[in-house]
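**Student:** Single-letter residue listing:
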Amino acid sequence: MSTLTSPLRPKRSKVLTGVMVLYLLYTILPLVWLLLSATKTQDDLLSSPGLWFGNSFAFFGNIKDTLTYNDGIFLRWLGNTVLYVVVGAGGATLLATAAGYGLAKYKFAGRRAVFAVLLGAVAVPGTALAVPTFLMFSNLGLTNTVWAIIIPSLVSPFGLYLMWVYATDAVPHELLEAARIDGAGEVRTFFTVALRLLAPGIVTTLLFAVVSTWNNYFLPLIMLSKPNLYPLTVGLTQWSNQATGVGARPIYNLVITGSLLTIVPLVIAFLLLQRFWQSGLSAGSVK
Amino acid sequence: MKGNKMKAHRRGTHRIRQLVVAGAAIVALAAVAACGGSKTDTSSGSATTGSSDAVDAALKAGGEITYWSWTPSAETQVKAFMAQYPNVKVNYVNAGTGNDHYTKLQNAIKAGSGAPDVAQVEYQALPQFALPGSLVDLNQYGFSQYESAYTASTWAAVHAGTGLYGLPQDSGPMALFYNKEVFDKYGIAVPKTWDEYVAAAKKLHAANPKAYITNDSGDAGFTTSMIWQAGGQPFKTDGKNISINLADDGSKKWTGTWNQLVEGGLVSNIPGWTDEWFKALGDGTIATLPTGAWMPGVMESSVKAGAGKWRVAPMPTYDGQPATAENGGSTESVLKQSKNPALAAAFVRWLNHDEGVKPFLASGGFPATTKDLKDTAFVDKASAYFGGQKVNQVLTGAADNVVKGWSYLPYELYANSIYGDTVGKAYQSKSDLNAGLKAWQDALVSYGNQQGFQVNG
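Chains as they are written, first to last, in my numbering: chain A, 1 to 287; chain B, 1 to 457.
Careful: at least some of the hints might be erroneous.
Covered stretches of chain B (chain A as the covering partner; in silico rule of three or more C-beta atoms under 8 Å from a C-beta of chain A) [what the hints assert, rightly or not]:
1) 65 to 75
2) 103 to 109
3) 292 to 300
4) 327 to 334
Residues from chain B that keep clear of chain A, each with C-beta distances beyond 10 Å, as calculated [what the hints assert, rightly or not]:
5) Val93
6) Ala152
7) Ser217
8) Ser363
Rather than coming from a laboratory, the hints here were simulated on the basis of the structure.
From a predicted model like this one, the values you see are computed outputs, not experimental measurements.
Each residue gets a CB set at the ideal place from its N, CA and C atoms; glycine is no exception.
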C-alpha cells in the first residue's frame, strides 16, 4: 500500500495546493469586493468596476450615512441582533451544556427516547418549523415581541448533541467519582469540575449558536412586522428591497456598508475564540 | 401604573367611540332606508349596498388604525392625514417589500390576529387575498360611486368578482423607454411594431455585441403584461372554477415575437432591479425597456448616468394599432381583521381619492385618477431627464389604450414564485418559450386543484 501511495503524494499535494489557492480566492474575492464597494457612493457603485476603487472614496461617509439613515435605525437593528445573540445564543449554549452533560453522565429512564427525539430534531431544519412556530406564538400573543426570536433560539438540538458527545469523552467518570467522595454535591461538581473540562466544547457550541443566531433570517422575517424589532439580516434585506419596483429607491451603498459592518463582530468573535474552537474540533480524535 | 391607567382610559374611550360609530351607522342606515336611499344613490353602480355616511361618521369619531405599506410616499401621506384628522392615529409600518409583506400578511390572516387594518396590495396579488374573503368589500361603503374617477383598467384591477377591494393608487400602463443616444449611434429607428423591434434588436447586437435591445432573464410580471398586451386572457376565474390557457392566441403572439429574441440571444440576462441592471441602463448596455409608466421616477432618482439620453415612445404593437397593458401598480385594501373597518375605509378613500394623491404624485408616482391624468400641468410637463420631452403625453395616452378583459390568477403570487423553475428554464437554455409556458401551466393546474379550485388547463 505505502509503496503505491508514497510516489503519488507530492503530485497530489500540488493539485491540493492549487485547489486550496482557488478556494482561497473564491472565499477572499467577495470580501475584497465588499471592502472596495463600501468605499463607493451609490452613483460610483453603478459606474465603476467591481474589483477596483471608484472615483470617490466615500468609506467614512458611507459609514456615517449607514448609521444615521432613517433616524439611525441601523444601530437599533445592531442592538437587537446583539440582544438576540447574547440572550438567545448564550442561553442556548447554557441549556445545551447542562443537558448534554446530564445526558452523558447520568443514567436514567427514557435516555434512549431523548436521544431519538434529539436526532429527529437535528434532522428538521429550523426553516421548516418557522411557520408552525409562528402560528403557535401568535396564539400566545408573542409575535412582534423580542420573545418570538429569543425563545426559539434557546433550543439548539445540534448544540445539545455536540455537548453530549463531547461530555462523554471529556469528563472522566473517575474524576466525578473522586469529587463525590470528597463530598461535593452534583451542582458543585458540574460548575467547578465539569465546566472547565467542557470549555472547548462550550466554545464550539457557542460559536455555532452565535453564528446561527446572528445570521437568523427566516424566523424574524415572519415573526416580526415592526421594523424597530428587526435584526440586521432582515433590516438590511428591507433596505435592499427598496431598490425594487414602482417608486424604487436603491441605497446599495448603504446596504453594502451595512453588510460589512454586520460581519465585523462575527470576524472578531471567530478570531478571539478560534484557539478554543480548534482544540474543541480535534478533541478525542487521537485516542 | 400611569401607562396602564392611560391604556384603560384609552380602551374606555375606544369603546365609547365604537358605540358612537355604531350608533351613527344605525342612524345613517335608518335615514337611508327612510328616504329610499336617495341620500347615497348618486352612483351609477348597482352594487351600492351600504353608505358612505358610516365612513364619514367613523372619520369624525376618530380612532386608531395600523397601515402596512412600502410605498416611498407612505410616511408623508400618513403625516398629512393625521394633520388633517388629529383624532385619528395611523400607525405606519413598513413590514417589508413585495413578497415579505405578503408572507406576513398571509401568516397574520392564517393566525387570526396581527394583520393591519389597511395594507398595500399589488393588483396582481389582490385576487389572492380577496377571493378567500380576507378583505372588506368596499361596496358596502358606497365606494362604487367613485368609478368615474379612475381609469378603466385600474378600476377593473381593484375588483375580484363583483367585490371592490380598494381604490386604485397608481397605474402602470406600459410604454417603450429607449436610449436615444444608442439608437442614434447605430442608426436605429424607434420601432412601432414588434417585428421592427426584433429587427432593431438584431441590428443593435450585430453593431455592438455588448449591447442588447433589452434585458429579460424571465420575469413573470413582464410575461403576463406582454401576453395581456397581445390580447391573451390565459387566466379566467369564475368562483371556484378556473381555466388556464397559456397557449391562447395572445400568448402565442407574444412567444412568436419573444422567442426570436430569446432563442437568438438578443436579450441580456441581467436580472432587473440589481445594481448591474441600474448600471446597464446608464451606460447603454440595455437600450430599451418596455415597462410601466412609473419608470421615469425610478430613472430620475436611480439612473443618473442616463440623464438626457432616454426618451419614451408608445409600446410597439403587433398590428400597428395602439394597444398596451398594465405593469405593476398597487391599491390599499381594508382587512377583514380590522376592528374599525369604516375608519380604515375612510383612510383608503383619503389616500387614493382625496388629498393623499398629491404626496403620491410628488414622489414620482403615476396616477390612476382621470382628473390628474387630464391635468394639463401634469400632461404638458417637460422632463429634463428625458431631454425636455413631454413624457406624460405619451404615458397618459398609454393609459387610454390598455387592452380590456385581463385578470390574474387567484394564486398569482404562487404562480410568479414558480415561474423561474418552469419558464425560466427556457430563458436559460435559450429554447422555445411555449414549452416553458406549458410547464408553467401544468404546475399551476395541479397546484390549483390541490388548493381546492376546479382548474381546467
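**Student:** Now, for every hint given, state plainly whether the structure supports it.
**Tutor:** Status of the hints after comparison with the structure:
Restraint check on the segment 65 to 75 of chain B versus chain A: 5 residues with Cβ-Cβ distances below 8 Å, three needed, restraint holds. Closer than 8 Å: that is the beta-carbon criterion, and the segment 103 to 109 of chain B has 4 residues meeting it against chain A, so the requirement of 3 holds. Check result for the segment 292 to 300 of chain B against chain A: holds, 4 residues qualifying (beta carbon to beta carbon below 8 Å, three or more required). Residues of the segment 327 to 334 of chain B lying with their CB closer than 8 Å to a CB of chain A number 3, which satisfies the three-residue condition for coverage.
Remark: the non-interface label on Val93 (chain B) conflicts with the geometry, its nearest Cβ contact in chain A lying 6 Å away (cut-off 10 Å). At roughly 20 Å, the least C-beta separation between Ala152 (chain B) and chain A is larger than 10 Å, which holds for a residue marked as non-interface. Under the 10 Å C-beta cut-off, the non-interface status given to Ser217 (chain B) relative to chain A holds; the minimum distance is some 14 Å. Distance to chain A contradicts Ser363 (chain B) as a non-interface residue, since its nearest Cβ pair spans about 6 Å, not more than 10 Å.
Violated hints, listed in ascending order, are 5, 8; each of the other numbered hints is respected by the structure.
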